[in-house]
Structure formats: C-alpha cells, structure tokens
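Asker: Chains as they are written, first to last, in the UniProt record's numbering: chain A, 1 to 801; chain B, 1 to 202.
Just so you know, not all the hints are guaranteed correct.
[To be verified] The calculated label-pair distances, taken between Cβ atoms and stated as ranges, are:
(1) 69/B / 251/A: 48 to 58 Å
(2) 83/B / 594/A: 48 to 58 Å
(3) 164/B / 473/A: 25 to 35 Å
(4) 164/B / 469/A: 35 to 45 Å
(5) 227/A / 32/B: 24 to 34 Å
(6) 169/B / 731/A: 42 to 52 Å
(7) 445/A / 164/B: 52 to 62 Å
(8) 166/B / 156/A: 40 to 50 Å
(9) 83/B / 94/A: 57 to 67 Å
(10) 799/A / 169/B: 32 to 42 Å
Simulated from the structure, these hints should not be mistaken for laboratory data.
Even for Gly, the Cβ is constructed at its ideal location relative to N, Cα and C.
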Amino acid sequence: MAQHTRTVPAGTPTNVTQKHNRGGIGESTLRPDGILKVTGEFAYSSDMWHEDMLWGQTLRSTVAHAEIASIDISEALAMPGVYSVLTYDDLPAEMKNYGLEIRDTPVLANGRVRHHGEPVALVAADHPETARRAAAKIRIDYRELPVVTDEASALAEGAPLIHEGRDDHHAGHVPHPNIVHRQPIVRGNVEEARTRADVIVEGEYTFGMQDQAFLGPESGLAVPAEDGGVDLYVATQWLHSDLRQIAPVLGLPEEKVRMTLSGVGGAFGGREDISMQIHACLLALATNKPVKIVYNRFESFFGHVHRHPAKLHYEHGATKDGKLTHMKCRIVLDGGAYASASPAVVGNASSLSVGPYVLDDVDIEAIALYTNNPPCGAMRGFGAVQACFAYEAQMDKLAAKLGMDPVEFRRLNAMEMGTIMPTGQVVDSPAPVAELLRRVKARPLPPERQWETAGEGADVRALPGGLSNTTHGEGVVRGVGYAVGIKNVGFSEGFDDYSTARVRLEVINGEPVAMVHTAMAEVGQGGVTVHAQIARTELGVTQVTIHPADTRVGSAGSTSASRQTYMTGGAVKNTCEAVREAVLEIGRRKNGSYHPAWATAALLLEGGKVVTDGGEVLADIAEVLEGEDAIDLELEFRHRPTVPFDLKTGQGNGHVQYSFAAHRAVVEVDTELGLVKVVELATAQDVGKALNMLSVVGQIQGGTIQGLGVAIMEEIIVDPKTAKVRNPSFTDYLIPTILDTPTIPVDVLELADPNAPYGLRGMGEAPTLSSTPAVLAAIRQATGLELNKTPIRPEALTGTL
Amino acid sequence: MRVNFTVNGRQQEADDVWEGESLLYVLRERLGLPGSKNACEQGECGSCTVRLDGVPVCSCLVAAGQVEGRDVVTVEGLAEFAKQREQHGHGGACGTGGACGGKGGVTLDEARQWSAKGADSRTGEGVELSAIQQAFIDAGAVQCGFCTPGLLVQADALLEANASPSDEDIREALSGNLCRCTGYEKILDAVRLAAARQGEAV
Numbered sequence: 001m002a003q004h005t006r007t008v009p010a011g012t013p014t015n016v017t018q019k020h021n022r023g024g025i026g027e028s029t030l031r032p033d034g035i036l037k038v039t040g041e042f043a044y045s046s047d048m049w050h051e052d053m054l055w056g057q058t059l060r061s062t063v064a065h066a067e068i069a070s071i072d073i074s075e076a077l078a079m080p081g082v083y084s085v086l087t088y089d090d091l092p093a094e095m096k097n098y099g100l101e102i103r104d105t106p107v108l109a110n111g112r113v114r115h116h117g118e119p120v121a122l123v124a125a126d127h128p129e130t131a132r133r134a135a136a137k138i139r140i141d142y143r144e145l146p147v148v149t150d151e152a153s154a155l156a157e158g159a160p161l162i163h164e165g166r167d168d169h170h171a172g173h174v175p176h177p178n179i180v181h182r183q184p185i186v187r188g189n190v191e192e193a194r195t196r197a198d199v200i201v202e203g204e205y206t207f208g209m210q211d212q213a214f215l216g217p218e219s220g221l222a223v224p225a226e227d228g229g230v231d232l233y234v235a236t237q238w239l240h241s242d243l244r245q246i247a248p249v250l251g252l253p254e255e256k257v258r259m260t261l262s263g264v265g266g267a268f269g270g271r272e273d274i275s276m277q278i279h280a281c282l283l284a285l286a287t288n289k290p291v292k293i294v295y296n297r298f299e300s301f302f303g304h305v306h307r308h309p310a311k312l313h314y315e316h317g318a319t320k321d322g323k324l325t326h327m328k329c330r331i332v333l334d335g336g337a338y339a340s341a342s343p344a345v346v347g348n349a350s351s352l353s354v355g356p357y358v359l360d361d362v363d364i365e366a367i368a369l370y371t372n373n374p375p376c377g378a379m380r381g382f383g384a385v386q387a388c389f390a391y392e393a394q395m396d397k398l399a400a401k402l403g404m405d406p407v408e409f410r411r412l413n414a415m416e417m418g419t420i421m422p423t424g425q426v427v428d429s430p431a432p433v434a435e436l437l438r439r440v441k442a443r444p445l446p447p448e449r450q451w452e453t454a455g456e457g458a459d460v461r462a463l464p465g466g467l468s469n470t471t472h473g474e475g476v477v478r479g480v481g482y483a484v485g486i487k488n489v490g491f492s493e494g495f496d497d498y499s500t501a502r503v504r505l506e507v508i509n510g511e512p513v514a515m516v517h518t519a520m521a522e523v524g525q526g527g528v529t530v531h532a533q534i535a536r537t538e539l540g541v542t543q544v545t546i547h548p549a550d551t552r553v554g555s556a557g558s559t560s561a562s563r564q565t566y567m568t569g570g571a572v573k574n575t576c577e578a579v580r581e582a583v584l585e586i587g588r589r590k591n592g593s594y595h596p597a598w599a600t601a602a603l604l605l606e607g608g609k610v611v612t613d614g615g616e617v618l619a620d621i622a623e624v625l626e627g628e629d630a631i632d633l634e635l636e637f638r639h640r641p642t643v644p645f646d647l648k649t650g651q652g653n654g655h656v657q658y659s660f661a662a663h664r665a666v667v668e669v670d671t672e673l674g675l676v677k678v679v680e681l682a683t684a685q686d687v688g689k690a691l692n693m694l695s696v697v698g699q700i701q702g703g704t705i706q707g708l709g710v711a712i713m714e715e716i717i718v719d720p721k722t723a724k725v726r727n728p729s730f731t732d733y734l735i736p737t738i739l740d741t742p743t744i745p746v747d748v749l750e751l752a753d754p755n756a757p758y759g760l761r762g763m764g765e766a767p768t769l770s771s772t773p774a775v776l777a778a779i780r781q782a783t784g785l786e787l788n789k790t791p792i793r794p795e796a797l798t799g800t801l
Numbered sequence: 001m002r003v004n005f006t007v008n009g010r011q012q013e014a015d016d017v018w019e020g021e022s023l024l025y026v027l028r029e030r031l032g033l034p035g036s037k038n039a040c041e042q043g044e045c046g047s048c049t050v051r052l053d054g055v056p057v058c059s060c061l062v063a064a065g066q067v068e069g070r071d072v073v074t075v076e077g078l079a080e081f082a083k084q085r086e087q088h089g090h091g092g093a094c095g096t097g098g099a100c101g102g103k104g105g106v107t108l109d110e111a112r113q114w115s116a117k118g119a120d121s122r123t124g125e126g127v128e129l130s131a132i133q134q135a136f137i138d139a140g141a142v143q144c145g146f147c148t149p150g151l152l153v154q155a156d157a158l159l160e161a162n163a164s165p166s167d168e169d170i171r172e173a174l175s176g177n178l179c180r181c182t183g184y185e186k187i188l189d190a191v192r193l194a195a196a197r198q199g200e201a202v
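This is chain A alone, in the form it adopts within the complex:
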C-alpha cells in the first residue's frame, strides 16, 4: 500500500539560499533560483514524481450547454491499469462547488454542463495514455440545450438561465440573473456638460478573448496521508485561496490539506482559479495512491479562465481648445459560464473606464454576463485593459477631429496628483501622466527602412511577413501611435487584503542568517529575489534563505493585481522591522549599560553589525544573539482600507494605489497583404521605487509584449453558434515569437508613493494596458483605417474581411 512506500516526492521544492554582499533593495540582485532554472534542476509542478504514483485524467464536455441524461463508466473502469473513475455521484462532501468569490463552479458536472470543456469525470490509471484512453471510453449521453453567447441572447425574453436560483451577494442588485454583476458610476452632470462640447465622438469597440498562455501547463501531485488528509504540490497564484476552496469539497478540515508551492511556469491570472487541484486530491483519496495530473496544451486552454472579451461603447466630448467635457460609456464583459473574478473585473472596468484623464462629468455602466462561453476571469490588467483599448482610441479620434496632436491633446487632459476620480477618490500620490507621454514622444524614432542592406537586397527578417519573404519593401508604410493607461494596485472595494511573512534570524557558524517564509506564489516575477533583498536591507545580513512557500504560514494573498512586492514585500519588511527591534532589545539588555547610544540613538542593522544612524558600530549581531534562541516572528501586513463602490452611484474610495504607463508604437504595415511588423515599442512607467531594476524592466517588457500579442494576433475564437472553442492549441492560438517582437526601450520613473513600502508602486500590469492601443493607433495612422476590434488580422487591413 502507498503508505508503506511513501517518500517525499522527487522534485519537492527546497530552500534556496543566496549569499550576497550587495544585495539590498535598489540593487539588481540576480534571482536566487536562477542557477536551478538554467540547469534544469528547478522543480516545476509537472516535474513532481512519486514512487507508485498514478496519472489522473479529466474527461471534459464536448458540448457547451447540455443536460447529461446518463454517464456509463463501466467500460473505462474495466480497462487494465485503471484504478478509479469518479463522477459527480462520488463526491465525498456536502459542498460540491467552488469559486473565488461566488461558489458557482461544480467540481464535476451535476447533470448539466454550461460550457465547452467542463469537467465531467476523472480517471486514475498507471500510465497517462491508459488514463486518456479510459476517459475516452466513458459514455455520456448529452441532451443539448440552446446556447447563450452574447448580451442579446443572455437577456432575451425566455433566455435560458445559466444559473437558476442564484443566492450570491450580487444576485439582489443585478437587473437580470444572467448578469453576474453591474457597476454604474455617475458623477457630475453629463447632459449639462454635453452642451459645452464643440466636438463629440462615439465609438463601438470589441476586445477579443485573450489567453494567458503561460508555458507551464496546469499540473501537480496529490499524495494521500496517513491521517486521512492529503499533501498537495501545485502551481498556483494563491495557496490559501485554493485551500479555502479545496478543503470543503473534500470534506476535510483545512489543516488536513497541506499545500506546497511547486515551481510555477508563469501565471498572468490564469492560475488564480482552481484547475486540477481538487481533482488530483479526489483521485488520491479514492485510490490511496499519489496521483499526478498534467494538462497538455489542448486541455490547458480549457483548464483556466481567460481574459474577458468585451464590447465597449464610448461617447466623449471636448471643447475646441481641447478640454474634455464629458464621457459616457457602457462596457459589456462576457464572463462565460462561471463567475470567477468577473465582479472584480466589472469594478475595475467601470472605475478605470475614464482613463488617466480629468473628467468631472461621467455616466458609466459596466456589466459582466453569464453565458455558455468559456469562463473568463483574471488576466494581467483585468478590466482596465479592455477599457484602455477603447478610451485611447477615443482620444485619438477627438484629437483628429480637433486637428490637435494626439499626445498634446492627452497631456492637456492628463490627470495628476490631486485629481478626483469618477468614484470621488482623490489621487493622493504622484500621477505623472503628462510626463510619461512627454518621455515616450521625446525619444528619437527608429531609422526608416531598416531592412535595406549594403548591396545585398532586403533583409526580409526586418520586414512585415519576415522569413515568409512576402515583400522587399513594396507597399510598406510606417505609422506611429501613442497610448497611456491607469491600473489599480492590490485588491480593491473593501476586500480585507493582507499578506503574512515569517522571518527567522539566527547565528549559523558565527554569521547571522535570515530565513524568510511566506506563502507567496513565485510565478516568475522575482518576488523571492526581492524578499531576500528586503531582509538584507532591514537586517544587515548577507545570507538569506527563502523557505518554500506553503500553507504552514499565513496567507500571502494572490500573486495578482500588481500587489505582491507591495503586499508580501511589505509584510517581509514589516516582520523584519519587528525582528530588528527584537535584536536591539536583546542588545540593550546585554550591552545597554556599556554605551549610552543603545538607549539614545536610532539604531540600524548593517553589515552584520548594530550601528547608530551616525555610523558608530555598537556590536556584532552575532555577539548580541550569542546564547539566545533564534528570533522567529510571523506577522500580517495590510494596505490602507478601501470601501466598496456604491451600487447606484459608484462612489467610494475603492482603490489602494494607481499605476501608470505610456507607450509609443512604431509599426510598418504591408498594406497589400495586411501584415504588420512592430518595429519599436517604447515605454515609460512610474514605479515609485525600483526595488530591483533588472526585474522591473523585465516585467515592463514582458507585459508590453502581452499587449502587443492581443493587438495583432491573440484571440481565442469561440463559435457563436455552438459556443465551442475553435483554436485550443499553439498552432492556432498564436503568441508573439522573438521574430514578432520589437526592441522595447524602457524609461523608468521613481516618484515615491508616501503610503507604500519604500515608496514603491505595483507595476506588473500597467505595461499590458497601453501597449495594445499604442500598436492599434500606429496601424491606424499607417493605414487610415478605423480598426475597432482586437486583434488586427490581415483581412481587416486589406478589406477582404
């Protein structure tokens, strides 16, 4: 039996220790896990292995909306090598649903499927191919139902209700049960302001469904434990949120579900929801064997939520001297079959719909629909991305109508510190919107006709179409476009958003060593690097050990919403300060009588010593701690409280902090074939304080290219007749390659936010907002086309649509 052969799984994450003399905050310290990652030794969730382990496979619905008349598992169960087949009837607890905010998602379908790819049954077998073949032998009799795919079909009279009998906390205020959440924001008087407008522009914009396309597929290993619980090794963005959803459906108390973070191959929002976690645990508990589940890329497209596609209708007015008068907008987000993060996406889309501009008279409405399309939720810049694409197109239209330069028009209306948001919230820290625009515009333009070589003909690699050798410069025109955006940082609208950090300080071999233990999901962003830097700065040590992230320490919140350096970084700083105070307390007790400075001076820990703020050395930390127990503290850290937006007026101090970035895109378009090459995508961003500039620039460039992807190639295509996904593969869903990617010059401002740790500003998402509209603006300038939909495909440029 499994319990007699149980060992620690191969690939279990271990401590990473890094010794660094100059590795405090502000240094471009290298990743502590870098060597493991370049040698292939870093243990990702799909690398987990256990003696005796089985492979789990999910059977997913082949139709988008149906009743399940019957499920026959007998043939699958009879296959040699198959250990278990589970369906809804096998779920062990009263609770059979999970969900981030609304528990509307069935662990396994209960007589009805609501979207293509919904999990219906599970198989555990001794080989992944056996499990796949067994799953294919499960016979399901679907009785198909009409599909709800857009606002019209969701709200039509007699429309099928995606969720009947809703009792969630949004159910009472939405105008229709197929609307997850609705947030209006009304401020000033739009009708009166409208009369002051010399020009009015309207636009209808469509944003396609984007996939996070992280490279490491959903995967993990569940190992049954002797106490009836389970040890789970997974890649996720938030261990404790998973735990809160997993334990009830397993019928276990949370302390019997012990989670450890495995290596995470990217996330971008796509791991905020549960994927294979519960399924692996169910199979492990049913078979009493370790069970590994690894999605392939096809399944991954069904295994996580996507970015909400949106339809956005905007009206803006301006006076002839270029001042915005008013804005009206209506944003319809498609949340798909389950709620996921839809309410938060609605909150962001509505509250940030105005963009980084001064606008006192607004009338805003954002809704998210329940449909039979794939569920949508968190992705980098959630809600703010869709709005930015639309309002920036509007800014260009207004500037064109007024005959003004698009950058000058934006700068004339740019918000700044002290501006009042449509929610009534005052922006109370730097908001250098005009300066960011000035910087990207002031940068020299890249040289024209870079494809021309000295006498050897065109280098097609520098042309639209690239190695396809489609043009040597004929029909190629250049365009330049600008955009700027605003994103909120941290969890908003009254959410109790906190992070926990445990810090241990002890003397090992005569040297003080810090250990940082948090549940923060390192998904590639470099949080572990920053935690070690903070510990060095606050505790004056060189050697820091990063403990594996697990649920034995308190929650670190989600690695999303640009929040982790602010929040868990803040928690590490906060706990380090308490540890430092404990060191000084011991020092005062032991040495206070020898030197008055122990009592009177401000004391720091630097270079392994206790020093006064005047630089006088009082003692070695190792001496102070000699004969003492290790100092080991675990504390929570919170950002300033926020409040929910009023459900009728949208008023309220709902956000913690705002983050800004601007882009200038330079594109070259082959107008005959409709092919686009982005030549340069320059950006400027205020990050408050760069704790690690190398990581900051990496985030900005990576976020920028995800925005480029959605501008010209990325879209999950859902058949409007069947609600089935048509391109779930990297063959058919394209993400930018290194050949599609331009140079990305980055200009970083550091204007401190006095409310935030070290003055930093959450910065991971802002670059994903403005890069998309900047690329679109550049293509519009090159072609003269209106282009109101992402992504821009060749047929939209050649008129062959």
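Following the hints, put chain B in place on chain A, whose structure we already have.
Answerer: Same frame as chain A, but now just chain B:
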C-alpha cells in the same frame, strides 16, 4: 519495448516503453531528467528542445523508439557538453561516436565518461555553467524559467555555429522557442552577452 541510447554522455536503458511514448516522456518520466519541458507537446514552443546527434530537435515530436543507439544532450548536460566542446576545440555534433572521429574530436569512450554534475539542489552553488547558462542568469533572461531549458539548448547551438550572430540572426535562430514572460529583450541580451564573453575568451 526497451530503448538504449546515450544521454548527456551516459548510456541509458529505458524499459517498458510504450511505443507511443515520446523522447520527452522517456527523459522526464523514465530517466528522471525533467529539465526538458512539456509546455505544448506539439512542437510549437521549443521548451523541450534537446540535441539529437547534435541537431536541436523538439523531443516531444521524437518517438522514443527513434533514438535507439543515438546520442541526446539535454539541459542537464549542457554545461558539460559546452565544456567538452571548448576543450576539444570541436564545434558541431560532439556527442556521437563516429560523428567526430576527426582530429580534436571526441571518441565514443570519452563521450561516455561525461555526465552532468548534479547541482546542489539547495543552493545551486558550486555548479559549473556554460557561457549561455551564466549569461541567461546575468542578463535577467530567466523569469518563470519554463522556456529556459529549450532556449538554452537552442541558443548554445546557435553560438556553436555562429560565434558572433547579429540580432536578426539571434531572432531567426530562436524563433521556434516561445517565452511568455520576458518579451524576449533580455533573452537577446543574454545571447549577445554569451557571444561577447566567448569572443573575449578566445
């Protein structure tokens, strides 16, 4: 079936291999070498790139049975592979018997003595890295790291063939390797850095 082949200079024998298994699966699940990554398993992303008789291939698209008697280098053996190449002044497919019988080449017996030195899994310290591995760390080209093994194998092969590639050469050579985190700028930096350092060393 049983498959015999050389991995990172060491003779390996994989038993009970089902005919449909890929080289990637055998490396990861049967030989305990999970460094080659399973990001798409359809030859689109390059995360599983290994050298097969010196040629970079997507190991997810190679049936395990096809590697019988052949020579594979994975990211786990890349540092040693690069070191041997440097010491023997030998570019190209350096791991196979027969393929490098020329002057300065490596004999099969020599090749079999190679083995990737295990990293200290706690710290990674004391590990010898190839130029491209070190450059990826130093340039900030590693974020989540899932694309990194395939990119390293591919970039190392590029630098073997072209010691001073232009930016367009780098982009062309790495265009089969997807990365979702970095926007590729720091990957370009890393390859430029490795090329520059190798240039200085010569």
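Asker: All hints, please: hold or fail.
Answerer: Hints versus structure:
1. 69/B / 251/A: 48 to 58 Å: Check passed, 53 Å falls within 48 to 58 Å.
2. 83/B / 594/A: 48 to 58 Å: holds, 55 Å
3. 164/B / 473/A: 25 to 35 Å: Holds, at about 27 Å.
4. 164/B / 469/A: 35 to 45 Å: violated, 25 Å
5. 227/A / 32/B: 24 to 34 Å: Since the Cβ atoms of residue 227/A and residue 32/B sit about 29 Å apart, the hinted range of 24 to 34 Å holds.
6. 169/B / 731/A: 42 to 52 Å: 26 Å Cβ-Cβ, so the 42 to 52 Å window is violated.
7. 445/A / 164/B: 52 to 62 Å: At 28 Å between Cβs, range violated.
8. 166/B / 156/A: 40 to 50 Å: violated, 58 Å
9. 83/B / 94/A: 57 to 67 Å: Hint holds: Cβ distance 60 Å, inside 57 to 67 Å.
10. 799/A / 169/B: 32 to 42 Å: Taking Cβ atoms as reference, residue 799/A and residue 169/B lie about 36 Å apart, which means the hint holds.
Violated hints, in rising order: 4, 6, 7 and 8; the structure is consistent with all others.
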